[in-house]
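J.: Listed below are the residues making up each chain.
2 protein chains.
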Amino acid sequence: MTTSAEARQSTPSDYRILNETDLRNYLAETPAVTAQLGGSADHWSITEVGDGNLNLVFIVKGPSGGLAVKQALPYVRLVGESWPLPLSRAHYEHLALTHQGRLAPALVPAIVHHDPALALTAMELLEPHIIMRKGLVAGSIYPAFTDHITTFMARTLFFSSDLALSAAAKKDAIASFAGNHALCKITEDLIFTDPYRVAEQNRWTAPWLDRTAAEIREDLDLHVAVSRLKLKFLSSAEALIHGDLHTGSIMVTDTETKVIDPEFAFYGPMGFDVGALLANLLMAYFASAGHEQTPGNREVFETWVLATVDQVWSAFADEFLSLWRKEATGDAYPPSLFPGEAGAARLEVERQAYMARLFQDAVGFTAAKIIRRILGLAHNIDFEQIEDTKRRATCEARALRLARTLMVETASFTSIEAVTRAARESRYWRPGF
Amino acid sequence: MTTSAEARQSTPSDYRILNETDLRNYLAETPAVTAQLGGSADHWSITEVGDGNLNLVFIVKGPSGGLAVKQALPYVRLVGESWPLPLSRAHYEHLALTHQGRLAPALVPAIVHHDPALALTAMELLEPHIIMRKGLVAGSIYPAFTDHITTFMARTLFFSSDLALSAAAKKDAIASFAGNHALCKITEDLIFTDPYRVAEQNRWTAPWLDRTAAEIREDLDLHVAVSRLKLKFLSSAEALIHGDLHTGSIMVTDTETKVIDPEFAFYGPMGFDVGALLANLLMAYFASAGHEQTPGNREVFETWVLATVDQVWSAFADEFLSLWRKEATGDAYPPSLFPGEAGAARLEVERQAYMARLFQDAVGFTAAKIIRRILGLAHNIDFEQIEDTKRRATCEARALRLARTLMVETASFTSIEAVTRAARESRYWRPGF
Numbered sequence: 000m001t002t003s004a005e006a007r008q009s010t011p012s013d014y015r016i017l018n019e020t021d022l023r024n025y026l027a028e029t030p031a032v033t034a035q036l037g038g039s040a041d042h043w044s045i046t047e048v049g050d051g052n053l054n055l056v057f058i059v060k061g062p063s064g065g066l067a068v069k070q071a072l073p074y075v076r077l078v079g080e081s082w083p084l085p086l087s088r089a090h091y092e093h094l095a096l097t098h099q100g101r102l103a104p105a106l107v108p109a110i111v112h113h114d115p116a117l118a119l120t121a122m123e124l125l126e127p128h129i130i131m132r133k134g135l136v137a138g139s140i141y142p143a144f145t146d147h148i149t150t151f152m153a154r155t156l157f158f159s160s161d162l163a164l165s166a167a168a169k170k171d172a173i174a175s176f177a178g179n180h181a182l183c184k185i186t187e188d189l190i191f192t193d194p195y196r197v198a199e200q201n202r203w204t205a206p207w208l209d210r211t212a213a214e215i216r217e218d219l220d221l222h223v224a225v226s227r228l229k230l231k232f233l234s235s236a237e238a239l240i241h242g243d244l245h246t247g248s249i250m251v252t253d254t255e256t257k258v259i260d261p262e263f264a265f266y267g268p269m270g271f272d273v274g275a276l277l278a279n280l281l282m283a284y285f286a287s288a289g290h291e292q293t294p295g296n297r298e299v300f301e302t303w304v305l306a307t308v309d310q311v312w313s314a315f316a317d318e319f320l321s322l323w324r325k326e327a328t329g330d331a332y333p334p335s336l337f338p339g340e341a342g343a344a345r346l347e348v349e350r351q352a353y354m355a356r357l358f359q360d361a362v363g364f365t366a367a368k369i370i371r372r373i374l375g376l377a378h379n380i381d382f383e384q385i386e387d388t389k390r391r392a393t394c395e396a397r398a399l400r401l402a403r404t405l406m407v408e409t410a411s412f413t414s415i416e417a418v419t420r421a422a423r424e425s426r427y428w429r430p431g432f
Numbered sequence: 000m001t002t003s004a005e006a007r008q009s010t011p012s013d014y015r016i017l018n019e020t021d022l023r024n025y026l027a028e029t030p031a032v033t034a035q036l037g038g039s040a041d042h043w044s045i046t047e048v049g050d051g052n053l054n055l056v057f058i059v060k061g062p063s064g065g066l067a068v069k070q071a072l073p074y075v076r077l078v079g080e081s082w083p084l085p086l087s088r089a090h091y092e093h094l095a096l097t098h099q100g101r102l103a104p105a106l107v108p109a110i111v112h113h114d115p116a117l118a119l120t121a122m123e124l125l126e127p128h129i130i131m132r133k134g135l136v137a138g139s140i141y142p143a144f145t146d147h148i149t150t151f152m153a154r155t156l157f158f159s160s161d162l163a164l165s166a167a168a169k170k171d172a173i174a175s176f177a178g179n180h181a182l183c184k185i186t187e188d189l190i191f192t193d194p195y196r197v198a199e200q201n202r203w204t205a206p207w208l209d210r211t212a213a214e215i216r217e218d219l220d221l222h223v224a225v226s227r228l229k230l231k232f233l234s235s236a237e238a239l240i241h242g243d244l245h246t247g248s249i250m251v252t253d254t255e256t257k258v259i260d261p262e263f264a265f266y267g268p269m270g271f272d273v274g275a276l277l278a279n280l281l282m283a284y285f286a287s288a289g290h291e292q293t294p295g296n297r298e299v300f301e302t303w304v305l306a307t308v309d310q311v312w313s314a315f316a317d318e319f320l321s322l323w324r325k326e327a328t329g330d331a332y333p334p335s336l337f338p339g340e341a342g343a344a345r346l347e348v349e350r351q352a353y354m355a356r357l358f359q360d361a362v363g364f365t366a367a368k369i370i371r372r373i374l375g376l377a378h379n380i381d382f383e384q385i386e387d388t389k390r391r392a393t394c395e396a397r398a399l400r401l402a403r404t405l406m407v408e409t410a411s412f413t414s415i416e417a418v419t420r421a422a423r424e425s426r427y428w429r430p431g432f
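Sequence lines, in order, name chains A and B. The opening residue of the first sequence carries number 0 in numbering that gives the first Met the number 0; numbering runs sequentially from there. The opening residue of the second sequence carries number 0 in numbering that gives the first Met the number 0; numbering runs sequentially from there.
Check each hint, because a few of them may be wrong.
Rough simulated footprint, nothing fancy, chain B against chain A, three-plus residues with beta-carbon under 8 angstroms [what the hints assert, rightly or not]:
#1 20-29
#2 126-140
#3 187-195
#4 326-332
#5 417-425
Think of the hints as simulated: they come from the structure by calculation, not from any bench. Just so it is clear, the structure is predicted and the values come from calculations on it, not from any experiment. Backbone N, C-alpha and C define an ideal beta-carbon position, used for all residues, glycine too.
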């Protein structure tokens with residue numbers, strides 16, 4: 000394994016940015032790739048997708064199959080060289096994807112080839128999958144999604160936690176991701192800090208949300224709450240989290256779900272992944288009114304997406320608890336302290352209490368992830384594709400209203416039903432503009 | 000800096016256990032040492048102290064000065080080769096001592112020389128300091144102690160926390176201590192696990208405490224509480240903690256305080272250090288009745304030691320808060336989110352809430368540290384030197400009674416005065432044997 004220090008060298012000497020011709024020549028000499036694509040390299044089709052925020056992404060197709068090839072650039076692709084970002088993120092992404100692939104092989108793309116020097120990974124091409132967020136904007140329903148995503152979260156989080164790992168293995172794992180701080184810093188700044196203060200990169204649907212944005216910049220209860228969440232993100236090494244688990248990092252068909260892009264992975268609070276997902280489902284719900292073509296034409300979708308919020312938490316909790324009951328090989332909660340029937344019963348009560356604490360974290364992080372997408376730098380198409388800005392702002396204001404309550408009154412949300420009930424109430428709230 | 004992986008090699012090829020002659024020859028060729036000791040190496044006096052639980056400790060004296068030389072053995076000295084322990088602990092101790100020496104130079108021994116290959120460190124000889132625990136058993140009072148130890152704790156903890164460090168620097172620091180898992184494992188087993196179950200190494204003052212020990216092994220509320228503390232120890236990377244901050248790791252005179260032996264150091268919960276200290280002061284208080292020669296002859300000492308418990312927390316909290324107000328250079332609680340007078344006032348309220356949460360942690364860890372010293376493997380002379388076993392067990396039972404309450408009803412202890420009040424009540428409790 001590459002050490003953290005090596006991986007952090009931002010531009011290893013063998014690194015070069017590949018154009019289409021370079022990539023073709025490079026892949027032609029990579030046996031795992033040629034086996035996958037088949038035929039002659041000269042006839043492979045290679046297309047740079049052009050929609051990565053951070054990286055180059057090529058779709059490569061041959062007679063036998065296809066690949067997605069992702070190469071990290073030494074800067075943020077969307078912004079350019081003025082925003083440098085270390086190539087080491089490709090190393091951490093590969094490490095995380097390997098971990099996830101071991102635990103949930105059907106739910107992530109298979110790795111075909113990884114080149115640390117080029118910060119390049121070739122993966123199974125996901126076809127005909129689409130980015131889930133696009134499907135949600137279109138009002139599509141994914142009946143298999145809850146089962147898949149909760150399996151992904153429960154397994155990747157549980158098996159990297161103190162409930163499954165020895166303390167020594169966990170400390171080594173924490174250290175192996177410690178170098179990924181540039182990516183963590185993006186989260187720390189853009190999610191937990193900038194939306195709550197004047198920051199050049201912030202934007203929102205003006206002029207409608209001007210007042211709300213100003214109120215949030217002055218809401219000190221909210222600033223305390225988000226600072227506590229940030230502290231948890233900085234200091235709670237609970238499990239290997241994906242770190243960016245929104246609906247743009249998930250590719251779906253009616254029957255399949257694949258989680259991609261774990262380059263923000265590190266040992267952090269589990270609630271951050273759960274909250275990221277819940278937040279993005281809730282935003283799909285609030286944005287839905289903005290995509291309504293005829294009155295009620297999104298009703299089935301909205302009912303489904305809110306039910307999915309409910310079920311994502313419930314099924315995740317069930318599966319996590321089930322793993323804990325069956326595969327508790329870690330150093331936390333040693334079984335020897337809970338012997339016999341009485342011990343088992345008491346431990347079960349504590350498991351429920353543990354999940355209740357995790358739920359509280361998830362509620363807080365849900366709120367943080369909503370607020371950053373509406374008032375911070377990075378927005379999402381759920382809202383952005385609502386062309387009428389007043390209509391869009393109405394949807395966004397409703398989401399912000401829920402988020403503010405979730406973050407400041409977290410303790411009053413003791414069940415996922417309380418969250419979806421509050422979401423349903425906010426859905427019909429009319430902001431005063 | 001030696002990398003974590005290098006330091007973990009348990010027996011580097013240049014390692015050898017030094018006898019007195021080896022050490023003399025080795026030190027004679029070490030300029031920093033010869034400068035400190037003066038004269039001819041042939042005439043230095045070298046004595047192996049023989050009281051280290053884990054390591055060899057030599058006192059070396061020359062005409063100009065003295066040194067303490069500590070060499071790690073590849074096993075636990077007290078037990079022998081049947082209990083291997085990696086030499087890397089000398090590396091982590093040196094790293095921690097360097098950190099502490101930078102932040103609290105008057106409060107730790109100065110390092111004169113460190114040899115990673117030999118797992119050896121030569122330090123300033125502390126004379127006429129004695130191990131504080133011995134002084135407490137003798138009923139001595141240390142008026143300067145509170146001020147010193149709270150400065151040590153506040154500065155070493157604050158400046159390694161997210162309140163002072165950037166997230167990147169903190170992650171690197173966490174990684175640099177991640178390899179110290181063998182020492183952490185000792186804590187995990189001996190403090191958070193074994194005293195609560197049947198374990199070969201457990202011992203207690205039989206037959207008097209047989210029933211109490213059995214009750215604690217069956218007390219499921221206590222097992223849940225200690226498991227939560229263990230989980231915090233495993234997953235809360237709050238600051239670089241000493242990891243073994245009891246009164247046997249502190250050397251004192253009337254006017255000086257030196258903290259030694261930080262080989263258990265790693266990034267863990269701050270409350271563990273605070274709790275270790277409070278627990279050991281409370282044990283000195285409970286043991287005092289057992290050292291009473293004439294009725295009331297320890298009253299002044301007991302009043303002082305309980306007042307010290309009060310003041311240690313209060314002064315620590317004051318100093319930590321003062322550092323936070325003046326030197327908050329870390330990524331947590333960004334000042335830009337708390338602008339103006341209203342922001343400053345709200346942040347101050349949150350600082351108090353932060354300290355209240357830290358206090359809760361400290362109360363729990365205090366309890367864990369008391370219980371392990373009475374029912375686990377490692378006992379302390381506070382109690383052990385009370386020869387009459389019934390008298391000793393009475394003192395121990397009182398301490399256990401307090402500890403049980405502190406751990407299970409932690410939330411009801413909202414101030415240090417509540418803790419000392421409960422201690423005073425337990426001091427006169429008569430166990431039913």
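J.: State for each hint whether it applies.
T.: Cross-check of the supplied hints:
no.	hint	verdict
1	20-29	violated (count 0)
2	126-140	violated (count 0)
3	187-195	holds (count 3)
4	326-332	holds (count 3)
5	417-425	violated (count 0)
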